[in-house]
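S.K.: These protein sequence lines map, in sequence, to chains A and B.
All you need for the numbering used here is the position in the first sequence, starting with 1, plus 412.
All you need for the numbering used here is the position in the second sequence, starting with 1, plus 33.
Calculated directly from the structure, the hints in this document are not laboratory data.
All of these numbers come straight from a predicted model, not from anything done at the bench.
Yeah, the Cβ is synthetic: ideal placement off N, Cα and C, and Gly gets one too.
It is possible that part of the hints are untrue.
Derived SDA-like pairs: lysine to any residue, alpha-carbon spacing no greater than 25 Å straight-line [stated by the list, open to error]: (1) Lys42(B) / Met422(A); (2) Lys43(B) / Ala418(A); (3) Lys512(A) / Ala94(B); (4) Lys83(B) / Glu472(A); (5) Lys255(B) / Gly63(B); (6) Lys42(B) / Ile489(A); (7) Lys255(B) / Asp72(B); (8) Lys512(A) / Thr142(B); (9) Lys512(A) / Asp65(B); (10) Lys43(B) / Glu487(A); (11) Lys42(B) / Gln449(A); (12) Lys84(B) / Gly431(A); (13) Lys43(B) / Pro447(A); (14) Lys223(B) / Glu244(B); (15) Lys42(B) / Met428(A); (16) Lys512(A) / Lys129(B); (17) Lys129(B) / Glu97(B); (18) Lys129(B) / Ala94(B); (19) Lys512(A) / Lys255(B); (20) Lys43(B) / Asn458(A).
Over the 12 Å line for every Cβ pair with chain B, so calculated as not near, a few chain A residues [claimed, not checked]: (21) Ala459; (22) Glu487; (23) Tyr514; (24) Gly519.
Here's the letter readout for the chains.
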Amino acid sequence: MTQRLADPLMIAESWMRDGRDVAIATVIETWGSSPRQAGSQLVVDNAGNFEGSVSGGCVESSVIAEAADVIRHGEPIMLEFGVADETAWKVGLSCGGRIKIYVERLG
Amino acid sequence: MIVDPYCLKKLNEERRQRRAVIMLTDLEDGRDRVIRETDPVAGSLGNVIKKAFLTGRSGVAEVEGRSFFLNVYLPSPRLVVIGAVHISEALAPMAKIAGFEMEIIDPRTAFATRERFPDVNVYADWPDGVLQERPLDAYCALAVLSHDPKIDDPALAAALNAGCFYIGALGSRTTHAKRVERLKLLGFNKDQTDSINAPIGLDIGAVGPQEIAVAIIGGIIKSFRSRDNLHKDMN
Chain A
413 MTQRLADPLM
423 IAESWMRDGR
433 DVAIATVIET
443 WGSSPRQAGS
453 QLVVDNAGNF
463 EGSVSGGCVE
473 SSVIAEAADV
483 IRHGEPIMLE
493 FGVADETAWK
503 VGLSCGGRIK
513 IYVERLG
Chain B
34 MIVDPYCLKK
44 LNEERRQRRA
54 VIMLTDLEDG
64 RDRVIRETDP
74 VAGSLGNVIK
84 KAFLTGRSGV
94 AEVEGRSFFL
104 NVYLPSPRLV
114 VIGAVHISEA
124 LAPMAKIAGF
134 EMEIIDPRTA
144 FATRERFPDV
154 NVYADWPDGV
164 LQERPLDAYC
174 ALAVLSHDPK
184 IDDPALAAAL
194 NAGCFYIGAL
204 GSRTTHAKRV
214 ERLKLLGFNK
224 DQTDSINAPI
234 GLDIGAVGPQ
244 EIAVAIIGGI
254 IKSFRSRDNL
264 HKDMN
């Protein structure tokens with residue numbers, strides 16, 4: 413119920429107006445303890461600028477890298493990070509949680 | 034599939050207007066739909082949507098063999114308090130903890146001081162003017178606590194017209210009966226006056242301003258989680 417300072421979707425709209433290519437990443441599901449709940453969003457543009465968060469810092473860099481591909485190809489992807497996953501351990505989601513993130517291109 | 038720019042614009046426009054909205058994504062084909070609280074959706078999907086609006090929780094739902102993702106955007110609920118009184122002092126920290134943006138309106142400048150309410154917006158002015166500048170809506174709760182009909186009544190009228198999800202008024206049953214008579218003279222019907230929570234707050238046998246504040250915040254949460262904006266005119 414708290415108000416967010418920077419609103420990712422409002423920023424996505426203004427980026428779109430400026431003619432920038434944008435991808436939106438959304439937390440679809442979470443299991444166990446995860447820092448951000450379902451519905452949390454991160455928006456990324458083609459230059460790698462981003463606003464919002466999907467995990468409180470642990471998986472953002474991976475999501476931003478994947479978002480660049482999504483912007484290029486237009487194909488959405490479903491990402492999963494969790495303790496069972498080697499990369500997830502590396503990116504730091506070691507708190508026992510697992511998250512599923514959907515990344516799609518805007519327009 | 035991709036996010037439709039039209040859907041994003043529509044979604045953001047609803048959010049700017051402080052209206053609750055859901056982005057419904059069909060996870061099979063990736064198609065998005067923007068659902069407003071007043072939009073009728075039939076069947077099991079309709080029930081899932083209704084529940085999501087109430088809880089404000091986003092998540093995946095399986096409906097008749099299809100997976101949907103519901104991203105729920107609720108306006109941040111505001112609590113408008115009329116009267117910079119002792120109960121308001123106790124309410125301020127509780128409202129903050131419970132996630133309500135609280136503001137206080139009281140034209141009595143001796144009451145409405147920054148020092149007494151460091152963490153909330155205080156408007157030392159008459160409710161009519163303040164509420165014209167910052168209109169109430171379905172995602173506002175109003176608590177009138179000033180004990181002065183000249184201050185309280187115009188705010189109550191504004192809240193009834195705006196369809197606030199909670200309207201509470203401090204005072205005994207006798208005081209409230211007189212208040213209801215005055216509101217009837219202003220043209221409000223019985224359903225409307227019955228919707229006012231009075232005596233204010235949940236019935237927990239509260240003693241003193243602090244406990245009354247607990248009863249009020251409890252009543253507000255109860256109303257928030259059972260609100261039915263579907264039957265309200267939300268233009």
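S.K.: So, for every hint listed, does it hold in this structure?
M.R.: Results for each hint:
Restraint check for Lys42(B) and Met422(A): satisfied, since their Cα atoms lie roughly 9 Å apart, inside the 25 Å limit. A threshold of 25 Å between alpha carbons decides the hint, and for Lys43(B) with Ala418(A) the separation of about 19 Å falls inside it, so the pair holds. Restraint check for Lys512(A) and Ala94(B): satisfied, since their Cα atoms lie roughly 14 Å apart, inside the 25 Å limit. At roughly 32 Å between alpha-carbon atoms, Lys83(B) and Glu472(A) are farther apart than 25 Å, so this suggested pair is violated.
At roughly 35 Å between alpha-carbon atoms, Lys255(B) and Gly63(B) are farther apart than 25 Å, so this suggested pair is violated. A hinted pair counts as satisfied when its Cα atoms are at most 25 Å apart, and Lys42(B) with Ile489(A) qualifies at roughly 23 Å. A threshold of 25 Å between alpha carbons decides the hint, and for Lys255(B) with Asp72(B) the separation of about 24 Å falls inside it, so the pair holds. As the CA atoms of Lys512(A) and Thr142(B) are separated by approximately 53 Å, the hinted pair breaks the 25 Å bound.
Straight-line distance between C-alpha atoms of Lys512(A) and Asp65(B) comes to about 18 Å, which keeps the hinted pair within the 25 Å bound. About 23 Å separates the Cα atoms of Lys43(B) and Glu487(A), which keeps this hinted pair within 25 Å; it holds. Between Lys42(B) and Gln449(A) the CA atoms are separated by roughly 24 Å; this keeps the pair inside 25 Å, and the hint holds. A distance of roughly 37 Å separates the Cα atoms of Lys84(B) and Gly431(A); the hinted pair therefore is violated under the 25 Å criterion.
For the suggested pair Lys43(B) and Pro447(A), the alpha carbons sit about 29 Å apart, so the restraint of at most 25 Å is broken. As the CA atoms of Lys223(B) and Glu244(B) are separated by approximately 29 Å, the hinted pair breaks the 25 Å bound. Note on Lys42(B) and Met428(A): the hinted pairing holds, with a Cα-Cα distance of about 10 Å set against a maximum of 25 Å. A hinted pair counts as satisfied when its Cα atoms are at most 25 Å apart, and Lys512(A) with Lys129(B) does not qualify at roughly 31 Å.
Restraint check: the Cα-Cα separation between Lys129(B) and Glu97(B) comes to about 40 Å, which exceeds 25 Å; the hinted pair is violated. The suggested pairing of Lys129(B) with Ala94(B) is violated, with an alpha-carbon distance near 31 Å, which exceeds 25 Å. Only pairs whose Cα atoms come within 25 Å are accepted, and Lys512(A) paired with Lys255(B) is rejected, the gap being roughly 32 Å. Using a Cα cut-off of 25 Å, the hinted pair Lys43(B) and Asn458(A) holds, with the two alpha carbons roughly 23 Å apart.
No beta-carbon of chain B is positioned within 12 Å of the beta-carbon of Ala459(A); the least distance is around 19 Å. The beta carbon of Glu487(A) is not kept farther than 12 Å from every beta carbon of chain B, the shortest such distance being approximately 9 Å. Non-interface call for Tyr514(A) relative to chain B: violated, since the shortest CB-CB distance, roughly 7 Å, does not exceed 12 Å. Under the 12 Å C-beta cut-off, the non-interface status given to Gly519(A) relative to chain B is violated; the minimum distance is some 4 Å.
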